[in-house]
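Using the hints, position chain B against chain A.
Chains as they are written, first to last, in the UniProt record's numbering: chain A, 1 to 654; chain B, 1 to 318.
The set of hints was computed from the structure by calculation and includes no laboratory data.
Be aware that one or more of the hints could be misleading.
[Unchecked claim] Label pairs and their computed distance ranges (CB to CB):
#1 B/24 to A/562: 26 to 34 Å
#2 B/53 to A/170: 52 to 60 Å
#3 A/630 to B/117: 20 to 28 Å
Each residue gets a CB set at the ideal place from its N, CA and C atoms; glycine is no exception.
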Amino acid sequence: MSHLAKHAEIPLDARAFGLLCLTVAVVLALHAPHLPWWLSAVLAPVLAWRWWQRHQHPGRVPVWLKLPLLGALALAIIVYYGSLFGRAPGTALAVGLLVLKMLESERQRDARVGVGFACFALMTALLFDQGMVVTAVVVLGLLPALATLRVLEPAQPRSRGLPRELLPGLGLLGVALPLALLAFVFVPRLSSPLWGAPNAHEERTGLSDRMTPAGFTQLLTDDRPAMRVSFDGPPPPPDLRYFRAYVMAYYDGTSWQYHDVANQHPATIEVARSIHYRISLEPSHQRVLPTLDVPVDVPAGAHMRRDHVVMADKPVNDPLSYSGTSATRYHLEPQLGAHHQRWLQLPDGFNPRTLALGQAWRQRYGSDDAAIVQAALSLFHDGGFRYTLAPAPLGRNAMDDFLFDTREGFCEHYSSAFTVLMRAAGIPARVVTGYQGGYWSDAGHYLLVRNSDAHAWSEVWLAGRGWVRIDPTAAVRPQRVDLGAAAAAGDQLPWTQTGWLQSLRNHWDIVNHWWNEGVIGFDTLRQRGLLTPFGIRKADPALLGLLLAISCVLSGALGLVWALWRRGEADPARAALRALERKLARCGVVRRHGEGPRHYLSRAARALPARRVELQQLMDCYLELRYAHVEPPPEFLQRFRHAVRNFRVIRVVK
Amino acid sequence: MPATLRRVQQWAERRLPALTRYRRPEPLPIELHRRRIYIVPTSFGLGFTVLLLVMLVGALNYSNNAALLLTCLLGAASAASMLVAFRTLDGLRLQNIRAGHAVAGQPIDVSFGFTSHRTRCAVRLDAGDTGAAFAVDATRGETDVTVSLATEHRGWQTLPRLRVWTTWPLGLFRAWSWLHPEQAVLVWPRPEAEGPPPGGHAEDEQRQRLHHGDDPASLRDYRRGDPIRHVAWKASARHHDLLVKDFEEPETRRDWQLDWRQLGRMDHERRIARLARWLGEAQAQGRRYSLWLPDEPIETGSGPSHYERCMNALARLP
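Just chain A, with the same shape it has in the complex (with noise of 0.2 Å):
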């Protein structure tokens, strides 16, 4: 053990150091997304000139520089987050104490050190953003910490180049992937985190639980996936596929808002069809869970509020998985009873031409509700009403200023002006926020929904029906609902989202879905449920461990049998010789060493009297094969190989 730590000790040579830096590099890149940016434009010179110093003249870096450089990363972090612990300061002083790290790397044992703190450093850069890409390249970012490590050691040829470095490090990940993947699979999940889950993000895209007309733009326009939806079955119809998330009942003339009331019993539904469906959902850091229409029962960890908005236990911060049942053909709450005045709110002293047109529509149709809702659909598709991303500012009034005087908008507004009016003509309504429409994977069999196909709608209450889904975006714009957002947007979208590049992008989603689906998506349920297949209804931890003992030994096996497999005898006659040997030894005459094979058969020929004849067959027959031709013809191979098998072994009694 003694040399080792004097191992430990040897000097850092450039190659080493070079790849060490590398290393940091990868790290200090993969976490640049995340970090502010000035700790990335201080931490990356820094790294260049400390390798920059250390090919100029190896040596430390003096104390002087090292300790206020120390300080200051802390202190900026502190001020920065307000605190050091935690995901996203954590990271970074992490990252930021590796890249001061390489500063008094000199040593062997520092750049173990270096390696080792790397990987973590690596490991925490998934914690941000567990996409496939993502994935694919931390993986990737483990090769040049393992060829750092490899460098390390004595006495190996000397490199041909950074490619030939890195190749050895992912052979080695190749043949480990079997065994990770099983240890994936076995190793038994925590079914609650054992400390804190990591607080939300600090900005919040998606959804939100507040619409204001023209809030959604920069939705509309991030063209990354919000979930993806597989149905048991047949898909919905283009024009079915509403997926619900709030319903918004507060007005105050301004935008509107969705109150979140736990503990009150979902309303009552009558169900005439119904569809079961699994959604993956990307992290939205909301609670709110997307549901097609209207749900009828909740995952687990979730729960059904009054209006059929689900509402999981904590924020979704990492991809979710979870299935559902909901109808698609439904009375919903038949009788609204007591909260009827909830659904007619309107503020006080806005909007007056609206509330006007909506008072007159009541007085012309009487109480022919289904009238009223047609008079307003008319209105926005023969009104000269316009479908536009970049519509018009509003003023106080806004949805005076929408209906009688910009006329553009999209569905926010729409959904907006068209609720306004129903509740001034005295319709019960709400609006309902989520996703419509998405793009089928045919290969695949899912729906991929896009934060662009966020949407808005409205619900309106008639008698005998219950709520009915009211779209009038569609009323302006049919291609919205059948098409989807990007055929109605037309040519407002930036140009990655139109045409054959979004027709390449939905298609290649289809290996995100399997990602999600398979990696990501991988958790305690699934889990449990994995050996139903083999007649095991519910895999403990227990078992699951057993299993994962059972894959480690089943690989250390094969491990094993690599390890130990030797290439036999490249050279046929002389494996067969070597066979004739060991029967000979068996009979008591073993070949010393230098012994030439000629001295050593005739020695046997001596030993064995009664098998001198063979014996003296079999030297003749191999010197001929060895020495008499310079590429042994195969007759003579087999014959000697013959009479090799042939030769019994008959113990001597001596």
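Chain B alone, transformed into the frame defined by chain A:
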């Protein structure tokens, strides 16, 4: 009871040759195989395991499957590196051992010839307090690894137990095996620092010195390589070619007959030390010499191999 102990010891020797210290010296070639290769994690390996556990707990806690996959991958790669470490030693063969020459007290260079069917790298050999790292190239035949071993006494010196080890490829695991070849290396006796020249040869030195004069005996034609200052310029001026002053060759030196019996009064080791010094001086002066030792009279000869033979005979004296 001792019989049982011996049986256990024999069994251990047979089954666990590398671990037991009872391993007897064995003849060459020695091939490493699975029964004599042992593996433990290095301290870095232990630290890395702790790190992997931390990563595992973190990934499980945040139920982050991508991080879990990465951790599993890294763990499996570490486990695979253990097999690679084993395979680096498995099948390695110590083919022969060659020793250089050294007098007692000076380090002796011993070179170990390793062969293998596969190319291996980052193998290390520890012998006593010293070590060397080497790679074995399967295509190049034998790889010689030279290690300097300390010596104390003249005569046969057994080799210490050799440790062949490696931490290839990641430094996480350390595979090792003990080798105990039965070879011994011969250490020459240390010559005494000073003493009289061989008896009856004192006048020889005198004559020698006389013949180191400068008087040229004759002139001869210049040959390439003659020193310029030997050119007889005056004489050359009268000829077509350069002429060179030819100094007389010193008279052939008398052969030394070194004899163990001449030193009858001295003790054993000092006799050997003196003979060693004489042998060294004779070799340095380019003399012919013979050596008589009790069991091994060596007739007159000269040159490095003769010197080697004489020194070996001295070293082997009881």
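Consistency of beta-carbon spacing, residue 562 of chain A to residue 24 of chain B, with hint 26 to 34 Å
Given about 32 Å between the Cβ atoms, the range holds.
Could you check the hint for me, namely that residue 630 of chain A and residue 117 of chain B are 20 to 28 Å apart, CB to CB?
For residue 630 of chain A and residue 117 of chain B the Cβ distance comes to about 24 Å; the hint holds.
Given the hint of 52 to 60 Å, is the C-beta distance from residue 53 of chain B to residue 170 of chain A inside that range or not?
Distance hint for residue 53 of chain B, residue 170 of chain A is violated at roughly 25 Å.
Violation of the numbered hints given earlier is confined to hint 2; every other hint is satisfied by the structure.
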